[in-house]
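Number of protein chains: 2
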Amino acid sequence: MNYLFVEHILGRLMIAYAGFMVIPFLGALIWREKSMPAFLFSIIVIMVIGLGLLHHGQKNGRMGVREGFVIVAGAWLLTCSTGAMPFAMSGVVPNYLDGLFESVSGLTATGATIIDNVEILPKSILLWRSLTHWLGGMGIIVLFIVFLPNMTGAVHLFKAEVTGATSERVLPRIRDNALKLWQIYLGLTAVQFFLLLLVGMNWFDAVNHTFSTMASGGFSTKNASIMYYDSLWIELITIVFMIITGINFGLYSLALRSGIDKIFKDLEFRFYLIIIAVSTFVVTLSLWWTLGLGGGNSLRQALFQVVSIITTTGFVTADYDQWPSVSKIILLLLMFIGGCAGSTAGGIKVSRIILLFKLGWVELKRAIHPKAVINVRFATRSVDPQIFNTVAVFFFLFFAILALATLLLASTGLEPFDAICAAAAALGNVGPGFGVVGPSTTFSSINSFGEIVLIICMLLGRLELFTLLVLIQPEFWRSRKGW
Amino acid sequence: MNYLFVEHILGRLMIAYAGFMVIPFLGALIWREKSMPAFLFSIIVIMVIGLGLLHHGQKNGRMGVREGFVIVAGAWLLTCSTGAMPFAMSGVVPNYLDGLFESVSGLTATGATIIDNVEILPKSILLWRSLTHWLGGMGIIVLFIVFLPNMTGAVHLFKAEVTGATSERVLPRIRDNALKLWQIYLGLTAVQFFLLLLVGMNWFDAVNHTFSTMASGGFSTKNASIMYYDSLWIELITIVFMIITGINFGLYSLALRSGIDKIFKDLEFRFYLIIIAVSTFVVTLSLWWTLGLGGGNSLRQALFQVVSIITTTGFVTADYDQWPSVSKIILLLLMFIGGCAGSTAGGIKVSRIILLFKLGWVELKRAIHPKAVINVRFATRSVDPQIFNTVAVFFFLFFAILALATLLLASTGLEPFDAICAAAAALGNVGPGFGVVGPSTTFSSINSFGEIVLIICMLLGRLELFTLLVLIQPEFWRSRKGW
Ligand SMILES: [K+]
Ligand SMILES: [K+]
Chain A
1 MNYLFVEHIL GRLMIAYAGF MVIPFLGALI WREKSMPAFL FSIIVIMVIG LGLLHHGQKN
61 GRMGVREGFV IVAGAWLLTC STGAMPFAMS GVVPNYLDGL FESVSGLTAT GATIIDNVEI
121 LPKSILLWRS LTHWLGGMGI IVLFIVFLPN MTGAVHLFKA EVTGATSERV LPRIRDNALK
181 LWQIYLGLTA VQFFLLLLVG MNWFDAVNHT FSTMASGGFS TKNASIMYYD SLWIELITIV
241 FMIITGINFG LYSLALRSGI DKIFKDLEFR FYLIIIAVST FVVTLSLWWT LGLGGGNSLR
301 QALFQVVSII TTTGFVTADY DQWPSVSKII LLLLMFIGGC AGSTAGGIKV SRIILLFKLG
361 WVELKRAIHP KAVINVRFAT RSVDPQIFNT VAVFFFLFFA ILALATLLLA STGLEPFDAI
421 CAAAAALGNV GPGFGVVGPS TTFSSINSFG EIVLIICMLL GRLELFTLLV LIQPEFWRSR
481 KGW
Chain B
1 MNYLFVEHIL GRLMIAYAGF MVIPFLGALI WREKSMPAFL FSIIVIMVIG LGLLHHGQKN
61 GRMGVREGFV IVAGAWLLTC STGAMPFAMS GVVPNYLDGL FESVSGLTAT GATIIDNVEI
121 LPKSILLWRS LTHWLGGMGI IVLFIVFLPN MTGAVHLFKA EVTGATSERV LPRIRDNALK
181 LWQIYLGLTA VQFFLLLLVG MNWFDAVNHT FSTMASGGFS TKNASIMYYD SLWIELITIV
241 FMIITGINFG LYSLALRSGI DKIFKDLEFR FYLIIIAVST FVVTLSLWWT LGLGGGNSLR
301 QALFQVVSII TTTGFVTADY DQWPSVSKII LLLLMFIGGC AGSTAGGIKV SRIILLFKLG
361 WVELKRAIHP KAVINVRFAT RSVDPQIFNT VAVFFFLFFA ILALATLLLA STGLEPFDAI
421 CAAAAALGNV GPGFGVVGPS TTFSSINSFG EIVLIICMLL GRLELFTLLV LIQPEFWRSR
481 KGW
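If you're matching them up, the sequences are chains A and B in order. For the first sequence, position 430 (counting from the first letter as 1) is numbered 430 according to the numbering used here, and the numbering increases by one without interruption. For the second sequence, position 469 (counting from the first letter as 1) is numbered 469 according to the numbering used here, and the numbering increases by one without interruption.
Hints in this document: simulated from the structure, not taken from any laboratory. Among the hints, erroneous ones may be present.
Since the list gives no way to pick out one identical chain from another, each pair is judged satisfied if it fits inside one copy or across any two copies.
Result set (SDA-like, lysine to any residue): computed pairs, CA atoms no more than 25 angstroms apart in a straight line [claimed, not checked]: (1) 180 <-> 244; (2) 59 <-> 48; (3) 365 <-> 384; (4) 123 <-> 44; (5) 365 <-> 477; (6) 365 <-> 67; (7) 123 <-> 231; (8) 59 <-> 386; (9) 358 <-> 389; (10) 358 <-> 399; (11) 358 <-> 322; (12) 123 <-> 47; (13) 180 <-> 72; (14) 365 <-> 474; (15) 358 <-> 456; (16) 34 <-> 91; (17) 358 <-> 400; (18) 180 <-> 300.
Values in this document were obtained by computation on a predicted structure and should not be read as measured data.
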């Protein structure tokens, strides 16, 4: 393991991170908020860590698979742990663990909060919460489209184009791709911001909700989330941008080069839209018949919640915990499905679900043709059988971790269904679940042990399980030449 | 497809089935019960169907993979639909669908009942319920050990010894193996029956509970199930025999030939015992601390319920729906795990869970050694990679079907957690779940549509999904020579 190179990269990352924290710090200065010293101190600590790592590290070095994993894990560990400092030190949360929960929830774009009343928070703190979403969302896109496209078996368009971070020669290519994704992300952020301004949202709320939407995050500046505004236009803009952030960002990059039709030809994108349409239809009918909301209102509430949950954003315009059972089950299933691979959305991902159904069909064929060689295609490409294995294992590990987390949460006293929903909402990076962690409540009723369980779930979910789980192998840490 | 041979086999099966139904018919005669004509009429109908099939069918014919699947599906369809007749015609249930539910629940050894008060049922009807368990349990063992050992990726000891029903030459071998399993099953049945008599259970209850235990069924002659007797000895005997029926029956066959130590060397058996031990330990502590039952009582209740749920028997000695959340989650997880492959227990099966964890570990290794060829061993044998695929797909399909069933049950008005538990209890052939289908209630609150959903779940679960799902392929039914 080339620790010196790892330190160099992490050092640069921390300095950039400190740079981003200057934004809420300046806000705190301008708005004369009591959170100012907390930001100042945090920035100094992060700078010291960053400069220390840079000074001790070495710029040149061979970058192998293992270095890549350690950098990813180290980056999330450092940004989450230091990102918690402004929360803890400004006193908006009673202890560091609560701050860490908020910071992990922010950077993983989960959007679960332990703060019951966000409307009394300093604006600088609100801005930092949204900014952690925005930064984390971008980090994930770059990570899974540019660095680890083949890692977890999600089928990316970029797969054939990027070879992964295993050799120095591909670094300029990687930088180029990462830059393109940044530009797309920035561009979409700017457009949503101006649209929200245009329909009357104030600039501060518009900045925060844009950051939150882009990352499929879900933190809001209002306790009632988007419901607060009761504005059809704000809801429509949010719906459109939630859908946009749930799509593989590699597709946008491809569309810029080869035309917008590339997006519409994508199999995962089509299924994603179909799932949204069908779910919205069923939920609309269920609300219309059961709650007597009227057709238009039912559609409005159904579409918003369906999109918010499948993209694992977690904004709410209705207390869906009071909805009919069938609607709740649909939302629960959407939580598990999640958005497209290479998007900022969490969950299992649409492409994995498609592949698993294909794999199921292949197995049924094999039962009557035991010796046939069956070639499986995803869209027009035939799929490496190894990807099947990876996807199937991902699915199993997702449920195995969910089961363990549910058990641990139940041991803190949560009732079974609440525990399942809290674990699923954290592992899928959704944010709100049902019951005690439902849309109208927060995670403040969870005790410290439960918070630790959920923090680990949020990180595992965000890094698509494998990226963190590889580190638990003793073999990973054994020194060995020639990887 | 050689339908004539299929008809011949099904005809013979129906005649044997009618023969078994003579037992409760004689009971009804002796006890002068009003259910007598219902049995008589049912026997006549089954005999007519059986003789008709025999007469139309042909004894000699090539038995291929597809014929095998059609025979299995046909056998379950015919036995379930005609087994419902005594229930419906004797008036113990209000309509045929309720009778079908009871019959499917019996033959699949699920043990879910829609009859609120079983203590007022004619004894002949109670005997028929238990007998359907016993027959179904035996059928499943023979099916999955002798006929389809490789079908669903469960790892059997018999795998290397039996080549499957693809050629006429292996028929004597198959008959021999099936006979040996019958003898073991009969022997164990006799032992449990005499032990229950010995500790004071009356002969009628002993017969019924023995039939029910052997099949991991769960139907009881008492509304309160085993709790009714409040007898430590009855509980201990039941626990031991539930554990025995949750073990691969192929192991007993092997032990008879090669010594009892073969059982204890089996990897799946060891994990099965470890899971029981650890779960019992945690549940005991949880009951001891939370409910203040005292150590001995906590252990007694915990062990019984843990064994009853992991073997998917479904007998109860405590209303575990009132237990602490962590104990409920453990029982819920045990429902999913189930017993050993080749046993009468339902669920996903211990061997599949072990293989999935191994597969997970292999994937993590592959992430750092992308090009390594990793050989996976189950016990001392190395595992065909194809089995991994089959097991992983099984796991996915199990949850996909669970999700669909939950959604459909929710549409009948069941609350989310109740719907999940009812679907899981049916698909895992457990019987009781939690909430509205909990240990102290029955399935009588489920409406007709819900009953149909649960009937399909019970059959899919019992036949390990694939055995029925292969039939939904249009290709399966296309006539083609040379299979
Ligand atoms: K979220
Ligand atoms: K059962």
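Tested hints:
no.: 1; hint: 180 <-> 244; result: within (17 angstroms within a copy, 62 angstroms between copies)
no.: 2; hint: 59 <-> 48; result: within (18 angstroms within a copy, 86 angstroms between copies)
no.: 3; hint: 365 <-> 384; result: both (18 angstroms within a copy, 18 angstroms between copies)
no.: 4; hint: 123 <-> 44; result: within (21 angstroms within a copy, 82 angstroms between copies)
no.: 5; hint: 365 <-> 477; result: between (42 angstroms within a copy, 12 angstroms between copies)
no.: 6; hint: 365 <-> 67; result: between (42 angstroms within a copy, 15 angstroms between copies)
no.: 7; hint: 123 <-> 231; result: within (23 angstroms within a copy, 66 angstroms between copies)
no.: 8; hint: 59 <-> 386; result: neither (35 angstroms within a copy, 45 angstroms between copies)
no.: 9; hint: 358 <-> 389; result: both (13 angstroms within a copy, 12 angstroms between copies)
no.: 10; hint: 358 <-> 399; result: both (20 angstroms within a copy, 15 angstroms between copies)
no.: 11; hint: 358 <-> 322; result: neither (35 angstroms within a copy, 41 angstroms between copies)
no.: 12; hint: 123 <-> 47; result: within (23 angstroms within a copy, 81 angstroms between copies)
no.: 13; hint: 180 <-> 72; result: within (20 angstroms within a copy, 57 angstroms between copies)
no.: 14; hint: 365 <-> 474; result: between (39 angstroms within a copy, 10 angstroms between copies)
no.: 15; hint: 358 <-> 456; result: between (31 angstroms within a copy, 22 angstroms between copies)
no.: 16; hint: 34 <-> 91; result: within (9 angstroms within a copy, 77 angstroms between copies)
no.: 17; hint: 358 <-> 400; result: both (22 angstroms within a copy, 13 angstroms between copies)
no.: 18; hint: 180 <-> 300; result: neither (34 angstroms within a copy, 64 angstroms between copies)
Comparing the model with each numbered hint stated earlier shows that hints 8, 11 and 18 do not hold.
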